[in-house]
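Protein sequence lines, in the order shown, are assigned to chains B and D. Counting from 1, one number per residue, gives the positions in the first sequence under the UniProt record's numbering. Counting from 1, one number per residue, gives the positions in the second sequence under the UniProt record's numbering.
One thing to keep in mind: the hints can contain errors.
What the hints assert, rightly or not - Derived coverage of chain B by chain D (criterion: at least 3 residues anywhere in the stretch with Cβ under 8 Å from a Cβ of chain D; other residues may be distant):
#, stretch
1, 160 to 174
2, 217 to 228
3, 450 to 461
Stated by the list, open to error - What follows is a list of derived Cβ distance ranges for each label pair:
#, chain 1, residue 1, chain 2, residue 2, range
4, B, E157, D, K306, 39 to 47 Å
5, D, T184, B, R207, 37 to 45 Å
6, B, E112, D, A293, 49 to 57 Å
Calculated from the structure, these hints are not laboratory results. Treat the numbers as computed from the prediction; the structure is a model and nothing was measured. Note that beta-carbon positions come from the ideal geometry of N, C-alpha and C, so glycine has one too.
Number of protein chains: 2
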Amino acid sequence: MSIEEKVAAVLAPWVHVAKQADVVVLIGVSGGVDSMVLFDVLEHLRHTLVFRLVACHVHHGLRGTEADRDARAVQNFALQRHVEFRMMHVDVLQNRLPGESEEMAARRLRYEALKNVADEYESCILVTAHHANDQVETMLDRILRGTGPSGLRAMREVRPIGRHILVRPLLTLYKNDLIQYARTRNLPFVEDSSNADLRYRRNRIRRELLPYLRTSFNPKVDHALLQLGRIVADEDQYLTGVAREHMLACTRRTHDGTLIAREDLLRLPIALQRRVIKLVLEGIDESVTWQYAEIENLLELVRSEKTRRMMLPHDWMVFTTVDFLHIGRFASRGDSEEFPWNPFPLDWSSFFSFLRFHWQVEAKVVKRPIAYPTSHFEAFFARSREECFIFRPWRVGDRIEPLGMKGSKLVSDLFTEGKVERVLRPYYPLLTLGDEILWVPGLCRSRSHLVDSKTEFVQQIVFRV
Amino acid sequence: MSIEEKVAAVLAPWVHVAKQADVVVLIGVSGGVDSMVLFDVLEHLRHTLVFRLVACHVHHGLRGTEADRDARAVQNFALQRHVEFRMMHVDVLQNRLPGESEEMAARRLRYEALKNVADEYESCILVTAHHANDQVETMLDRILRGTGPSGLRAMREVRPIGRHILVRPLLTLYKNDLIQYARTRNLPFVEDSSNADLRYRRNRIRRELLPYLRTSFNPKVDHALLQLGRIVADEDQYLTGVAREHMLACTRRTHDGTLIAREDLLRLPIALQRRVIKLVLEGIDESVTWQYAEIENLLELVRSEKTRRMMLPHDWMVFTTVDFLHIGRFASRGDSEEFPWNPFPLDWSSFFSFLRFHWQVEAKVVKRPIAYPTSHFEAFFARSREECFIFRPWRVGDRIEPLGMKGSKLVSDLFTEGKVERVLRPYYPLLTLGDEILWVPGLCRSRSHLVDSKTEFVQQIVFRV
Chain B
1 MSIEEKVAAV LAPWVHVAKQ ADVVVLIGVS GGVDSMVLFD VLEHLRHTLV
51 FRLVACHVHH GLRGTEADRD ARAVQNFALQ RHVEFRMMHV DVLQNRLPGE
101 SEEMAARRLR YEALKNVADE YESCILVTAH HANDQVETML DRILRGTGPS
151 GLRAMREVRP IGRHILVRPL LTLYKNDLIQ YARTRNLPFV EDSSNADLRY
201 RRNRIRRELL PYLRTSFNPK VDHALLQLGR IVADEDQYLT GVAREHMLAC
251 TRRTHDGTLI AREDLLRLPI ALQRRVIKLV LEGIDESVTW QYAEIENLLE
301 LVRSEKTRRM MLPHDWMVFT TVDFLHIGRF ASRGDSEEFP WNPFPLDWSS
351 FFSFLRFHWQ VEAKVVKRPI AYPTSHFEAF FARSREECFI FRPWRVGDRI
401 EPLGMKGSKL VSDLFTEGKV ERVLRPYYPL LTLGDEILWV PGLCRSRSHL
451 VDSKTEFVQQ IVFRV
Chain D
1 MSIEEKVAAV LAPWVHVAKQ ADVVVLIGVS GGVDSMVLFD VLEHLRHTLV
51 FRLVACHVHH GLRGTEADRD ARAVQNFALQ RHVEFRMMHV DVLQNRLPGE
101 SEEMAARRLR YEALKNVADE YESCILVTAH HANDQVETML DRILRGTGPS
151 GLRAMREVRP IGRHILVRPL LTLYKNDLIQ YARTRNLPFV EDSSNADLRY
201 RRNRIRRELL PYLRTSFNPK VDHALLQLGR IVADEDQYLT GVAREHMLAC
251 TRRTHDGTLI AREDLLRLPI ALQRRVIKLV LEGIDESVTW QYAEIENLLE
301 LVRSEKTRRM MLPHDWMVFT TVDFLHIGRF ASRGDSEEFP WNPFPLDWSS
351 FFSFLRFHWQ VEAKVVKRPI AYPTSHFEAF FARSREECFI FRPWRVGDRI
401 EPLGMKGSKL VSDLFTEGKV ERVLRPYYPL LTLGDEILWV PGLCRSRSHL
451 VDSKTEFVQQ IVFRV
């Protein structure tokens, strides 16, 4: 199969699926040999497969005049082939995040810029020139840094990116084949001088490590790694699917985090326990790269018979109760300025927690109170179908009409009597109905919504403290 | 945890499980620092954990006087500590198999020798001094050679070996810790001069590759690989378990191989398809290391709509029919000199095949013949509970009493009339009962065991050709 046939085979189904009169294929072109070959191939294919080709060069504001030269080279080529051309400028040095290397920042900003261009179209096919050698280098990089099996998974040929798709049609081709093609077709391309800079880890892998491995251990080491990556990708996909099913079965989302049923989790094979935890962590915060050590620590917490707590990166926190592991954000803020956390309606039957207080709450509908509440942490309310009970944080000036008293009382006075620390008060949950406060859990119940013989639905709420 | 505590923790449960008055712990001792440290530790532990320690040194007949020196060093140490000592001699150069490196042969023969000593006891705990660095080197070796995820799996701390178990209590400890221990305890140990020989791949990994990776990429690369190995080991175990269940559901063993139901297999996720095929291949021949390429080829065969056949290493052969993939040995011989394949009894209900003829056979019990046989490849027999119908290959002089004729006929004459090639005749299956031939499938049915109105059990046999 020629390179052109290969690219056509990968791309064609997606061009056809789009079924628009004017499918946009957006290619990121650095000007290097990989992207220029793909550019050339796509420029031919646009007539046979029928799509609108847009080329985009991202200028990183690094490497001074050399970068300007590269940008001009791509622009000229686009002009010459009558291809729409977009130039995007990003400033890597200005926009580098803490802990991010220059390479990582450049990569992130490049993708963002490409995605911004893509977003100008209703939907488009974003195409990059990653090839087999990139795959091999990425895998080696991850193996050496430390990774789990998911990290060994090869890049996928096609994946969604926002409302668009990202296609990498050269993934099974080696760089040598691309260079050969560029020579035969007499294509212009530029050489990024930083590719020779051995201070960059990636360049050391490409220019030192891989040649050494090929000479000293296995001339086909690239092939060996690609094969491993393909198998791992399939197994990873399968395991993720299985783990997701189990995750749905043994976790519950709450307003401020996720609950994992310890017993359900521990019944799974260890391989799945680890993957469920990983999915939960990724689900609560995609922006964090969760480490193996954190997953292992969480599993130890789940296995431990004691109830404990632990801090995670980015203010995430974990604590265990007898039945659950609760992962949530200690310092999470509500959407409004007014509240430190978002008020939420009380479902008739539900289970949730107030993380800051280490309280777990169970609500259910009962026929009659089974017994009198044994503490202020348990209460029964007459509740009609239409009534929406809300939990919200305390505000200055809140008053309650206590059961067994006349008139009302400031909740802040209850806090003082109950020795609730000042810093915790803004987080304290109150059960409310409209403007009325029904209950300050642990401290005081109002005389509203009492249960009597005519009550149809009895809402029971128990705080496990 | 000290080294001694670590070893005790790993070993203790197995010593206790054995529950014998006189548990034998057999240690293989090369004389190098790893095994001498373990020897020393076990020599202490034998009093507290209570077991009988036996040390065994395997002399490989390589490295001339240096090897003799090593053997003596171990023997002296054993003598000094009053530990039972065994010396085993193997001849690596004489016993090397084709395609085997000197290292591989030495390793195989060493294990065989240790297992021979172990077999002198009813059951024993075989102990080796593999440590964390060995793990790392093995993983790197496999990654570079080319492996699937199973190959990335770290060595297990405990595994069965024949009727014994193999325990590797030092697996989580690094070599440096062992050297430290040896120094502190002033232990004698020998240095194998071949360890410095960079012609050996293993030594290049230890002395060149790993130091380079630590310096240039990640000082904790060993830790990174061990962690990967542990996760992969758990996931591999899980996937193997799942695949085994599916394998049992979609395969059937026959007298000469294995049948895989194509549709059942193709319904599985690709990750499991691959693992089921791998398990089947390992099941039919453990001695072969099946390659990824062979598994992929088999999967392609299963997916292909055409029926095809393919040769595998070691005379194994595969062919497909509409419903099945059949893996078997083309040239398999029977145990006796007399037959090219082993006769086998016909189960009342069964499904099997004659590989050389590409025939699949279905046997079942029916109430009455549903219809008259439409060809000589289908037949009905009256069969009583006690009668053992046997399929066996043709022998010179075999005669049958054909239905609709008087007297008997030579089967060889039937072959000639039916144009069965001479080379195939010795493999041709005949259905027999005692000395009587009931059926030459495809050619002639005998007048014996006909079905009539008094027949209780009707055995139907259909050849799909």
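Results for each hint:
1. 160 to 174: Three-residue rule not met by the stretch 160 to 174 of chain B, so violated; n is 0.
2. 217 to 228: n = 9 at 8 Å, threshold three: holds.
3. 450 to 461: The restraint on the stretch 450 to 461 of chain B is violated, since only 0 of its residues have a Cβ under 8 Å from chain D and three are required.
4. E157(B) x K306(D): 39 to 47 Å: violated, 27 Å
5. T184(D) x R207(B): 37 to 45 Å: Between T184(D) and R207(B), where Cβ atoms are some 43 Å apart, the hint holds.
6. E112(B) x A293(D): 49 to 57 Å: violated, 41 Å
When each numbered hint is compared with the structure, violations occur for hints 1, 3, 4, 6.
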